[in-house]
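S.K.: Here are the chains, one letter per residue:
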Amino acid sequence: MEKQINYKKIQKETELGSHVLHVLIYLFLIFWGLIVLFPFYWMVLTSVKSYSSYNAEYVPSFFTLSPTLQNYADAFTSVPLGRYLLNTLLFTVITTALMLAVIVLAAFAFARLDFRGKDLAFTLFLSLMMIPTELVVITNFTTVTDLGLRNTFTGLILPSVTSVFYIYLLRENFAQIPDELYYAAKVDGTPDLRYLRKVMLPICRPTLVTIVILKVIECWNSYVWPRLITDDPNYYLVSNGIQEIRENGFGRENIPAMMAAVVVISVPLILLFLVFRKKVMEGVARGGMKG
Amino acid sequence: MEKQNLKGWLYLLPAFLFLGAFMIYPLIDVFVYSFEEGYNSASQTFFGTGLYNYSYVLHDPYFLQAVKNTFILVVITVPLSTGLALLISLALSSIKPLRELFQTVYFLPYVTNTLAVGLVFMILFKKTAYSDGLVNLLLLRFGQGPVDFIDGPYWAKMFVLCFYTIWVVMPFKILILTSALASVDRVYYNAARVDGTSRFRIFTKITLPMISPMVFYLIITGFIGAFKAYSDAVALFGTNLNAAQMNTIVGYVYDMLYGDSGGYPSYASAAAVILFAIVLTITCINLLVSRKHVHYT
Amino acid sequence: MKITLEHVTKKFPGRGRKRHEEVTAVSGFDFEFPDGKLVGLLGPSGCGKSTTLNLICGLIRPTEGRIRFGNDDVTELAPEHRGVGMVFQNYALYPHLTVKKNIMFPLENLKGEQKLSRAGMEERALEAARLVQIEPLMDRRPGELSGGQQQRVAIARALVKMPRVLLLDEPLSNLDARLRLQTREEIRRIQKQTGITTVFVTHDQDEAMSISDLIVVMKDGVVQQTGRPQDVYDDPVNLFVAQFLGTPPINVFRGSVRQGQLCIGDAPVLPIQGVPDQEVIAGIRPEGFVPDGSGPLCCKLDRVEVMGRDISVISSHECCQAPALRSIIHSELCVDLNSDTVRFSLKPDKVFLFQSKTQERIRFEAAGTQ
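Residue numbers (our numbering), protein chains in the order written: chain A, 1 to 291; chain B, 292 to 588; chain C, 589 to 958.
Next up, chain A with everything else stripped away, as it sits in the complex (with noise of 0.2 Å):
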């Protein structure tokens, strides 16, 4: 009789351990939800926020009665918040198709045909994955210098249509796929493009939207070359604009006009992650790096 009252005792306390574990680690999760979102919660309220009453707050309000769109016209038109959208759409779009272009025919080569030196020049491909931009940046800051091709979308783009890291992901993709289709294809004369077109790229469907999201995030967080490489603010990418109205912004520290193009910078990306939020994630945890 004993040993069973031990035993509910004995039961009752592990129960209850588990029960204050679970609130911690929900107290836990939710307190770093709040670190992730308020920023965004912040520069969303500072938005919608007036000019007058942003600045008249010593102590910052949590919320706001009056929100006004106003920050949100400013942003377009005293500084030129479009073309900067524009110029990273028309980058990040000529980028990524261009790099596709270029990664899928190269990755073809490399899965799929049989030449001499292919080994050697895979290897030589892998081993360029292992180095930093950062130590190539400055001859092609000089190349593109030289070239006349300073604040053009050419010189903007160049450096960026080639990654061997997606080039490799395909064409392990491709290397999935049975050689019987290819010699299938080849018995009933379907030339190779064809069948790339036709059969590969369908059967990787998967692996080229990953990377073409993984890119598109890529191209329009890059800043670093874009800094470099464009003075003129027709030029501008949406990084180099922000940086450009923090400094010289709205004539006057106007904060909630600048949050409002943060708002407006930031909207895009977020959207397209919770639409493909599997894939971008699924993409990522393949081998995403951020910078």
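It cannot be assumed that every hint is accurate.
Said to hold, decoys possible - Chain B regions said to be covered by chain A (calculated; three or more residues, Cβ under 8 Å):
{"no.": "1", "region": "312-322"}
{"no.": "2", "region": "354-368"}
{"no.": "3", "region": "399-411"}
{"no.": "4", "region": "536-545"}
{"no.": "5", "region": "557-571"}
What the hints assert, rightly or not - Not close to chain C: a few residues of chain B, all C-beta gaps over 10 Å, as computed:
{"no.": "6", "residue": "308"}
{"no.": "7", "residue": "309"}
{"no.": "8", "residue": "374"}
{"no.": "9", "residue": "375"}
{"no.": "10", "residue": "382"}
{"no.": "11", "residue": "391"}
{"no.": "12", "residue": "474"}
{"no.": "13", "residue": "575"}
{"no.": "14", "residue": "577"}
To be verified - In silico DSS-like links for lysine-lysine, alpha-carbon gap of 30 Å or less:
{"no.": "15", "chain 1": "C", "residue 1": "599", "chain 2": "A", "residue 2": "12"}
{"no.": "16", "chain 1": "B", "residue 1": "519", "chain 2": "B", "residue 2": "583"}
{"no.": "17", "chain 1": "A", "residue 1": "9", "chain 2": "C", "residue 2": "590"}
{"no.": "18", "chain 1": "C", "residue 1": "807", "chain 2": "C", "residue 2": "625"}
{"no.": "19", "chain 1": "A", "residue 1": "186", "chain 2": "B", "residue 2": "298"}
{"no.": "20", "chain 1": "C", "residue 1": "689", "chain 2": "B", "residue 2": "583"}
{"no.": "21", "chain 1": "C", "residue 1": "590", "chain 2": "C", "residue 2": "699"}
{"no.": "22", "chain 1": "A", "residue 1": "279", "chain 2": "B", "residue 2": "519"}
{"no.": "23", "chain 1": "C", "residue 1": "699", "chain 2": "A", "residue 2": "12"}
{"no.": "24", "chain 1": "B", "residue 1": "387", "chain 2": "A", "residue 2": "12"}
{"no.": "25", "chain 1": "A", "residue 1": "9", "chain 2": "C", "residue 2": "599"}
{"no.": "26", "chain 1": "A", "residue 1": "118", "chain 2": "A", "residue 2": "198"}
{"no.": "27", "chain 1": "C", "residue 1": "703", "chain 2": "B", "residue 2": "496"}
{"no.": "28", "chain 1": "C", "residue 1": "780", "chain 2": "C", "residue 2": "807"}
{"no.": "29", "chain 1": "C", "residue 1": "590", "chain 2": "A", "residue 2": "12"}
{"no.": "30", "chain 1": "B", "residue 1": "387", "chain 2": "A", "residue 2": "9"}
{"no.": "31", "chain 1": "A", "residue 1": "278", "chain 2": "B", "residue 2": "519"}
{"no.": "32", "chain 1": "A", "residue 1": "278", "chain 2": "B", "residue 2": "387"}
{"no.": "33", "chain 1": "A", "residue 1": "118", "chain 2": "B", "residue 2": "387"}
{"no.": "34", "chain 1": "B", "residue 1": "496", "chain 2": "C", "residue 2": "699"}
{"no.": "35", "chain 1": "B", "residue 1": "519", "chain 2": "B", "residue 2": "359"}
{"no.": "36", "chain 1": "A", "residue 1": "279", "chain 2": "B", "residue 2": "387"}
{"no.": "37", "chain 1": "B", "residue 1": "496", "chain 2": "C", "residue 2": "807"}
{"no.": "38", "chain 1": "C", "residue 1": "935", "chain 2": "C", "residue 2": "599"}
{"no.": "39", "chain 1": "C", "residue 1": "780", "chain 2": "C", "residue 2": "689"}
{"no.": "40", "chain 1": "B", "residue 1": "496", "chain 2": "B", "residue 2": "418"}
In case anyone wonders, no lab produced these hints; they're calculated from the structure. Remember, predicted model here, so these are calculated numbers, not experimental data. A virtual CB, placed ideally from N, CA and C, is assigned to each residue, including glycine.
Mind docking chains B and C on chain A? Use the hints.
M.R.: For chains B and C alone, coordinates are given in the frame of chain A:
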């Protein structure tokens, strides 16, 4: 199948052209630059070759400041962010309701523009004529401050930089660690439970060894990433990082290359090569350590 | 330590489209596992036998019912407080630890009075290793061991903390055929030597029959029959149990009882008493056939397989549910291979009748042999 020599290389041609022009050539060139003394970018001439550029960079107080800042940043953020990410991932994997929501929220910083959100951080921490900023008001509650985190004392600025860096790198680490934790077979936990293993011991003796390859991967990439820190600092302190005493090695390279103090590609190259050497050394050390302590199946 | 299950039921919430329906994995399990015996939980996959094992272990809690170890009610107790040793199907050996560290792992968890010195632990580990005969492998890692060796390590790890109960989940399913025979003897020996109450789960009736003291046959979460293997084999309560036990399996016929005779097709094959006229299912064990030139059951002869001591006669009959009817007869009895047909008489104690609807057993008295 017959060899397709010509065709193969034809398919590779675009990739090779781009890589050759923007990767292989610059890679060689950066070393060449770094040894060319007194290079003049206007006339494209130089006086001679030697180690002068390196010696100049290594004696430049701005560079030394940048190295110091970078090392502090690395030493603080890499262990902290990895440890914190591990804690969060463990917490995430031990709950069921709301897990996806938390995961989604935690990933948000990954898809935001570093420069843009940095601005928000600046506002939160900045002390201006109108307001002390939200963080300072919070500190005042506890009877501290106010401190100007953006234009104030060195360690206050360093704190903000580290905080923001951690905020930015967390999503990637949490993502990798949660998927690593999910891949540990549940049967090991069941076996350990039957044997009455405490939670702590399960973590140190089973979970940690099993996810150690991923933890080390994160540490290595974390080191590399932190050594290349730059945009976070720009986002918080503006482009004139030298004046703010907050420059990083990469920032120094870019400043040497371009901008108000720019026009010295040789010095920039020397600094970049030094950075590369540091990163390579640290990575090698990391790999050696990991070989000893990491369990690979 | 005897284990008592009192009306134990486990329901799981449904998944996917059946989200709103509950799935009953185990239903009303009543049984007492006697102290010091080896009990086999037997059934096809999905019958709830592994769930039962996990309930005993404590990894899951029952929806209803009580579980007792001896006189202690352990129903709500977490596994670590139950004093059970468990061998998992895939062994769950920690891949990063050596065999020795794996075996010592449970000992290092002990706290308070039970805590052992390092030397004490090593000695216990060695003792357990000796019991399963793996001392030479102590410094290897699980990845370097064969399946059989891993199995032994898992058993040693389960035994090292001297559990009150040893549980084995499909202990032999990951081994090849030859090792399986060897290892099941080994499990028997270890169980006898330690005298620990042992429950193991298997879907292989051969395995369960050969080493268990008692077997529990389950289907769809419900216990069908319990008892000594031979008793269950000789006296199945329903068609499922009769079909599940025995290799080759029992031969099942559509038949009927008419005026004190079991008829298969139109032929009366066995006189029986005490059964009213009705349609029945007749199950006849392969060893229940005796070749007999004037026997009542006439089958079409397909072929004969000689298996040393016995021969196996494969024939067919239109009323048999399977296309091939397998009978095993002593090699001294001969069958005319040139004939198209073969005639059998039947051993009454090898013939079971079942209700054609419920498939429950109909008991009868044999009216003497023919």
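S.K.: Confirm or reject each hint.
M.R.: Hint by hint, here is what the structure shows:
{"no.": "1", "hint": "312-322", "verdict": "holds (count 9)"}
{"no.": "2", "hint": "354-368", "verdict": "violated (count 0)"}
{"no.": "3", "hint": "399-411", "verdict": "holds (count 12)"}
{"no.": "4", "hint": "536-545", "verdict": "holds (count 3)"}
{"no.": "5", "hint": "557-571", "verdict": "holds (count 7)"}
{"no.": "6", "hint": "308", "verdict": "46 Å, holds"}
{"no.": "7", "hint": "309", "verdict": "43 Å, holds"}
{"no.": "8", "hint": "374", "verdict": "21 Å, holds"}
{"no.": "9", "hint": "375", "verdict": "25 Å, holds"}
{"no.": "10", "hint": "382", "verdict": "21 Å, holds"}
{"no.": "11", "hint": "391", "verdict": "17 Å, holds"}
{"no.": "12", "hint": "474", "verdict": "13 Å, holds"}
{"no.": "13", "hint": "575", "verdict": "24 Å, holds"}
{"no.": "14", "hint": "577", "verdict": "20 Å, holds"}
{"no.": "15", "hint": "599/C to 12/A", "verdict": "23 Å, holds"}
{"no.": "16", "hint": "519/B to 583/B", "verdict": "27 Å, holds"}
{"no.": "17", "hint": "9/A to 590/C", "verdict": "23 Å, holds"}
{"no.": "18", "hint": "807/C to 625/C", "verdict": "22 Å, holds"}
{"no.": "19", "hint": "186/A to 298/B", "verdict": "16 Å, holds"}
{"no.": "20", "hint": "689/C to 583/B", "verdict": "18 Å, holds"}
{"no.": "21", "hint": "590/C to 699/C", "verdict": "26 Å, holds"}
{"no.": "22", "hint": "279/A to 519/B", "verdict": "27 Å, holds"}
{"no.": "23", "hint": "699/C to 12/A", "verdict": "18 Å, holds"}
{"no.": "24", "hint": "387/B to 12/A", "verdict": "23 Å, holds"}
{"no.": "25", "hint": "9/A to 599/C", "verdict": "27 Å, holds"}
{"no.": "26", "hint": "118/A to 198/A", "verdict": "24 Å, holds"}
{"no.": "27", "hint": "703/C to 496/B", "verdict": "18 Å, holds"}
{"no.": "28", "hint": "780/C to 807/C", "verdict": "29 Å, holds"}
{"no.": "29", "hint": "590/C to 12/A", "verdict": "25 Å, holds"}
{"no.": "30", "hint": "387/B to 9/A", "verdict": "27 Å, holds"}
{"no.": "31", "hint": "278/A to 519/B", "verdict": "29 Å, holds"}
{"no.": "32", "hint": "278/A to 387/B", "verdict": "18 Å, holds"}
{"no.": "33", "hint": "118/A to 387/B", "verdict": "48 Å, violated"}
{"no.": "34", "hint": "496/B to 699/C", "verdict": "17 Å, holds"}
{"no.": "35", "hint": "519/B to 359/B", "verdict": "13 Å, holds"}
{"no.": "36", "hint": "279/A to 387/B", "verdict": "21 Å, holds"}
{"no.": "37", "hint": "496/B to 807/C", "verdict": "39 Å, violated"}
{"no.": "38", "hint": "935/C to 599/C", "verdict": "44 Å, violated"}
{"no.": "39", "hint": "780/C to 689/C", "verdict": "26 Å, holds"}
{"no.": "40", "hint": "496/B to 418/B", "verdict": "47 Å, violated"}
Violated hints, listed in ascending order, are 2, 33, 37, 38 and 40; each of the other numbered hints is respected by the structure.
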